[in-house]
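Given next are the chains, with one letter for each unit.
Number of protein chains: 2
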Amino acid sequence: MPTVSERGRIMPDSPIRKLAPLAHEAKERGVKVFHLNIGQPDLPTPPEALAAIRSIDRKILEYTPSEGILSFRQKLEKYYHKFDIDVTADDIIVTSGGSEAVTFAFMSCLDPGDEIIVPEPAYANYEAFAIVAGAKIKSIAGNIEEGFVLPPIEEFEKLITPKTKGIMICNPNNPTGYLYTQQEMNAIRDLVKKYDLYLFSDEVYREFCYTGAPYISAFHLEGIEQNVVLVDSVSKRYSECGLRIGALITKNQEVKKNVIKFCQARLSPPLIGQIAAEASLDADPQYMLDNYNEYVQRRKFLIDGLNRIDGVYSPIPMGAFYTVARLPVDNADKFCAWLLSDFQYEGQTVFLAPASGFYTGSDKGQDEVRIAYVLNKTDLGVCLKILAEALKVYPGRKERKGAV
Amino acid sequence: MPTVSERGRIMPDSPIRKLAPLAHEAKERGVKVFHLNIGQPDLPTPPEALAAIRSIDRKILEYTPSEGILSFRQKLEKYYHKFDIDVTADDIIVTSGGSEAVTFAFMSCLDPGDEIIVPEPAYANYEAFAIVAGAKIKSIAGNIEEGFVLPPIEEFEKLITPKTKGIMICNPNNPTGYLYTQQEMNAIRDLVKKYDLYLFSDEVYREFCYTGAPYISAFHLEGIEQNVVLVDSVSKRYSECGLRIGALITKNQEVKKNVIKFCQARLSPPLIGQIAAEASLDADPQYMLDNYNEYVQRRKFLIDGLNRIDGVYSPIPMGAFYTVARLPVDNADKFCAWLLSDFQYEGQTVFLAPASGFYTGSDKGQDEVRIAYVLNKTDLGVCLKILAEALKVYPGRKERKGAV
Numbered sequence: 001m002p003t004v005s006e007r008g009r010i011m012p013d014s015p016i017r018k019l020a021p022l023a024h025e026a027k028e029r030g031v032k033v034f035h036l037n038i039g040q041p042d043l044p045t046p047p048e049a050l051a052a053i054r055s056i057d058r059k060i061l062e063y064t065p066s067e068g069i070l071s072f073r074q075k076l077e078k079y080y081h082k083f084d085i086d087v088t089a090d091d092i093i094v095t096s097g098g099s100e101a102v103t104f105a106f107m108s109c110l111d112p113g114d115e116i117i118v119p120e121p122a123y124a125n126y127e128a129f130a131i132v133a134g135a136k137i138k139s140i141a142g143n144i145e146e147g148f149v150l151p152p153i154e155e156f157e158k159l160i161t162p163k164t165k166g167i168m169i170c171n172p173n174n175p176t177g178y179l180y181t182q183q184e185m186n187a188i189r190d191l192v193k194k195y196d197l198y199l200f201s202d203e204v205y206r207e208f209c210y211t212g213a214p215y216i217s218a219f220h221l222e223g224i225e226q227n228v229v230l231v232d233s234v235s236k237r238y239s240e241c242g243l244r245i246g247a248l249i250t251k252n253q254e255v256k257k258n259v260i261k262f263c264q265a266r267l268s269p270p271l272i273g274q275i276a277a278e279a280s281l282d283a284d285p286q287y288m289l290d291n292y293n294e295y296v297q298r299r300k301f302l303i304d305g306l307n308r309i310d311g312v313y314s315p316i317p318m319g320a321f322y323t324v325a326r327l328p329v330d331n332a333d334k335f336c337a338w339l340l341s342d343f344q345y346e347g348q349t350v351f352l353a354p355a356s357g358f359y360t361g362s363d364k365g366q367d368e369v370r371i372a373y374v375l376n377k378t379d380l381g382v383c384l385k386i387l388a389e390a391l392k393v394y395p396g397r398k399e400r401k402g403a404v
Numbered sequence: 001m002p003t004v005s006e007r008g009r010i011m012p013d014s015p016i017r018k019l020a021p022l023a024h025e026a027k028e029r030g031v032k033v034f035h036l037n038i039g040q041p042d043l044p045t046p047p048e049a050l051a052a053i054r055s056i057d058r059k060i061l062e063y064t065p066s067e068g069i070l071s072f073r074q075k076l077e078k079y080y081h082k083f084d085i086d087v088t089a090d091d092i093i094v095t096s097g098g099s100e101a102v103t104f105a106f107m108s109c110l111d112p113g114d115e116i117i118v119p120e121p122a123y124a125n126y127e128a129f130a131i132v133a134g135a136k137i138k139s140i141a142g143n144i145e146e147g148f149v150l151p152p153i154e155e156f157e158k159l160i161t162p163k164t165k166g167i168m169i170c171n172p173n174n175p176t177g178y179l180y181t182q183q184e185m186n187a188i189r190d191l192v193k194k195y196d197l198y199l200f201s202d203e204v205y206r207e208f209c210y211t212g213a214p215y216i217s218a219f220h221l222e223g224i225e226q227n228v229v230l231v232d233s234v235s236k237r238y239s240e241c242g243l244r245i246g247a248l249i250t251k252n253q254e255v256k257k258n259v260i261k262f263c264q265a266r267l268s269p270p271l272i273g274q275i276a277a278e279a280s281l282d283a284d285p286q287y288m289l290d291n292y293n294e295y296v297q298r299r300k301f302l303i304d305g306l307n308r309i310d311g312v313y314s315p316i317p318m319g320a321f322y323t324v325a326r327l328p329v330d331n332a333d334k335f336c337a338w339l340l341s342d343f344q345y346e347g348q349t350v351f352l353a354p355a356s357g358f359y360t361g362s363d364k365g366q367d368e369v370r371i372a373y374v375l376n377k378t379d380l381g382v383c384l385k386i387l388a389e390a391l392k393v394y395p396g397r398k399e400r401k402g403a404v
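Chains A and B supply the protein sequences, listed in that same order.
Residue 1 is where the first sequence starts when you use UniProt numbering, and the numbers rise one by one after that.
Residue 1 is where the second sequence starts when you use UniProt numbering, and the numbers rise one by one after that.
Derived by calculation from the structure, the hints in this document are not laboratory data.
Virtual Cβ for every residue (Gly too), placed ideally from N, Cα, C.
Hints may be right or wrong, so weigh each one.
If you want the ones that stay clear, here's a sample from chain A, every Cβ over 10 angstroms from chain B, calculated [what the hints assert, rightly or not]:
#1 GLU28
#2 GLU48
#3 ALA89
#4 GLU100
#5 LYS136
#6 ILE137
#7 PRO162
#8 ALA187
#9 GLY273
#10 ASP310
#11 TRP338
Pair by pair, the computed Cβ-Cβ distance ranges are [what the hints assert, rightly or not]:
#12 A:LYS82 <-> B:MET1: 54 to 64 angstroms
#13 B:ASP282 <-> A:ARG397: 31 to 41 angstroms
#14 A:LEU289 <-> B:ASP57: 30 to 40 angstroms
#15 A:GLU145 <-> B:ARG54: 48 to 58 angstroms
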């Protein structure tokens with residue numbers, strides 16, 4: 001048998017999905033498993049999107065332009081203007097999900113051996129997409145004790161080498177729910193400008209900011225307009241993860257030229273997804289508000305509940321629909337596996353994502369988990385009860401000295 | 001401004017799409033442009049697929065499993081069995097189009113610097129996907145005079161180095177329409193076995209074989225079951241290019257493990273596309289037969305017509321819906337551009353794909369074009385007339401000595 005690629009071998013298993021076989025086995029045993037491990041919202045897709053799909057009256061489901069359907073891109077332009085993101089339809093390239101946008105951004109800007117700096121915990125697949133591009137992620141770990149604020153910019157600067165080509169951020173953040181402040185974004189901007197770096201900015205959770213603090217887009221930062229590559233997706237904001245529609249947005253013509261080549265090679269993003277996503281942009285404002293309010297309530301309910309469990313600590317996330325919480329356990333990987341394979345409370349258990357997979361450059365987060373609040377409050381209440389009961393009997397329970 | 005990637009810079013422009021701006025300008029001038037440049041069939045998508053889309057009654061458009069929806073993969077298993085392709089649902093991984101299948105195949109099997117051998121003219125994007133993977137294509141040019149038969153296997157063997165990891169074929173072939181014989185496939189099998197290579201086999205046109213000669217799948221070849229990575233797509237066979245649904249099929253567990261990692265990183269293939277593609281597998285046999293018969297007639301009509309034009313030669317394609325034809329011109333790139341920018345016949349012109357882009361390793365094909373018979377016979381008749389008139393007045397007309 002011919003050997004497989006080393007690149008495939010070093011690809012990390014998804015921290016979100018690697019325990020899925022254990023969850024499957026639990027279900028086979030008749031245990032109900034609550035999924036808080038994955039960012040799959042339970043909220044409805046906009047009726048406008050579903051109606052658009054149901055009323056498709058084409059005879060042929062053709063390729064769309066490689067860069068996406070023009071009318072969709074024009075509507076996205078207007079959408080971004082609402083957030084004071086000054087881009088035109090020409091700057092917007094439609095991709096197969098935010099995943100493809102990150103991949104094409106790295107492919108177009110980075111060569112094998114190039115480095116990017118990523119504050120962590122970070123969305124685990126950035127590492128995977130960097131491996132795809134042959135690039136290297138240098139990470140700087142944040143702290144749960146400090147609520148996952150941006151690590152000091154001097155820490156970033158220390159990591160800069162001749163190979164450093166960019167910084168990647170996610171704002172509001174997955175997995176922490178942190179929202180970068182104006183001051184933090186300005187510090188990033190200054191560093192990007194000083195070293196002429198790319199700023200890859202994943203802003204797919206912009207609709208979900210809960211504290212009144214402003215959402216600062218990378219495109220709001222003056223003087224680095226040519227350095228910004230913004231990643232977007234309709235998956236989370238309209239609860240339509242299955243459409244696989246995202247976007248890569250850049251004003252840099254050279255980057256755009258490269259990205260278009262990768263787009264042309266894969267021919268077209270999904271047609272039906274674009275039609276549905278375009279219709280979603282006309283979603284009733286009440287729909288958006290209802291979903292927003294639902295997340296606001298879940299957030300309060302979940303975080304209050306977590307912090308009431310003995311030995312558990314979660315900072316208050318400012319955006320997105322995740323939190324990273326610290327548990328009184330020896331090892332969160334073991335604990336999450338144990339929850340699925342050895343534990344049940346009244347025939348139920350909970351699937352959490354160990355946070356270790358979100359820290360690629362350090363051994364931090366060994367006692368942390370990511371929790372996605374993608375279930376309703378009733379279910380979240382059950383999950384909190386399950387977690388509390390589990391922590392009482394988990395054999396690897398471990399108190400942390402000086403815990404917050 | 002930070003520099004863009006070298007990888008992006010060396011990505012070839014699509015030979016199929018690079019003249020699109022000239023076509024756009026022609027249309028702006030009021031010229032009707034017939035598109036024979038692109039493999040976008042004009043035939044209808046199966047009504048079963050459209051009905052499945054219109055009757056979607058989900059409230060949330062969720063991620064599907066990263067490897068694709070199980071019921072779809074199970075139905076694909078049965079589909080392949082009809083062609084004596086002995087695979088199980090476990091061997092089938094659903095991808096975002098055949099494009100992603102080729103990309104993941106290369107990513108999973110090849111490391112930067114690895115080489116694959118490709119008989120050409122070949123589908124241009126194999127080169128693009130090889131660049132994405134950092135791999136190198138070594139090509140062996142076939143000849144229009146010999147009807148694009150497989151070049152002698154000794155030519156392949158001569159190119160084998162320690163870096164050679166595989167052979168990539170497309171059967172039936174895009175762009176030539178050639179269908180490999182049992183003897184040719186056996187020769188490939190023996191070479192694959194001798195050097196323990198991967199055989200990447202793109203078989204998306206299997207439904208379109210016109211001569212009664214058998215379609216030989218790579219999976220029909222005994223003794224190399226672990227070496228085969230088959231690429232498939234529903235785009236062409238059901239005229240649903242816009243769905244972006246393909247498949248990667250392998251019995252090699254190590255390859256599969258790598259591919260799944262790449263699948264998990266991009267989360268999910270398109271949900272709606274999978275639902276429609278699954279429904280397409282139930283398409284009325286009469287639908288498939290009607291489309292087949294339509295291509296049979298167009299093929300005869302087009303090839304007869306081409307060979308009646310003075311100085312034009314096309315072999316008779318045995319499958320797919322393309323032919324590579326030789327024209328009495330100095331340079332087909334120039335001629336195709338001239339057709340769009342300087343020529344019209346009764347307010348109409350034709351968009352052909354210069355064949356040079358399908359030959360990446362040689363300067364062959366300078367006077368060849370790829371023609372897709374994706375228009376009805378009436379339109380094909382007009383196209384033939386336009387081409388004949390164009391060749392009468394094209395300033396770069398050039399007769400070839402000893403033309404067939």
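To see whether the hints hold, each was checked on the structure:
1. The claim that A:GLU28 is not at the interface with chain B holds, since no C-beta of that chain comes within 10 angstroms of its own (minimum 15 angstroms).
2. With 10 angstroms as the threshold on Cβ separation, the claim that A:GLU48 sits away from chain B holds: the shortest Cβ distance comes to roughly 12 angstroms.
3. Consistency note on A:ALA89: stated as away from chain B, and its beta-carbon is indeed over 10 angstroms from all of that chain's, at 16 angstroms minimum.
4. In this structure A:GLU100 is not separated from chain B by more than 10 angstroms, as the shortest Cβ-Cβ distance comes to only about 7 angstroms.
5. Even its closest Cβ contact with chain B, about 14 angstroms, leaves A:LYS136 beyond 10 angstroms, as expected for a residue assigned away from the interface.
6. Against chain B, the non-interface label of A:ILE137 holds: every CB pair exceeds 10 angstroms, the least being about 14 angstroms.
7. Look at A:PRO162: its CB is around 12 angstroms from the nearest CB on chain B, clear of 10 angstroms, so calling it non-interface holds up.
8. No beta-carbon of chain B is positioned within 10 angstroms of the beta-carbon of A:ALA187; the least distance is around 19 angstroms.
9. Residue-level check failed: A:GLY273 sits 6 angstroms from the nearest beta carbon of chain B, not beyond 10 angstroms.
10. No Cβ of chain B comes within 10 angstroms of the Cβ of A:ASP310; the nearest lies about 35 angstroms off, and the non-interface call holds.
11. In this structure A:TRP338 is separated from chain B by more than 10 angstroms, as the shortest Cβ-Cβ distance comes to about 23 angstroms.
12. Taken as a hint, the range 54 to 64 angstroms is violated for the pair A:LYS82 and B:MET1, whose Cβ atoms sit roughly 28 angstroms apart.
13. Between B:ASP282 and A:ARG397 the beta carbon distance is about 54 angstroms. The supplied range of 31 to 41 angstroms is therefore violated.
14. Taking the beta carbon of each, A:LEU289 and B:ASP57 are about 25 angstroms apart, not inside 30 to 40 angstroms as hinted.
15. Under the hint 48 to 58 angstroms, the C-beta atoms of A:GLU145 and B:ARG54, about 53 angstroms apart, fit the expected range.
Of the numbered hints given earlier, the model fails hints 4, 9, 12, 13, 14; all others are met.
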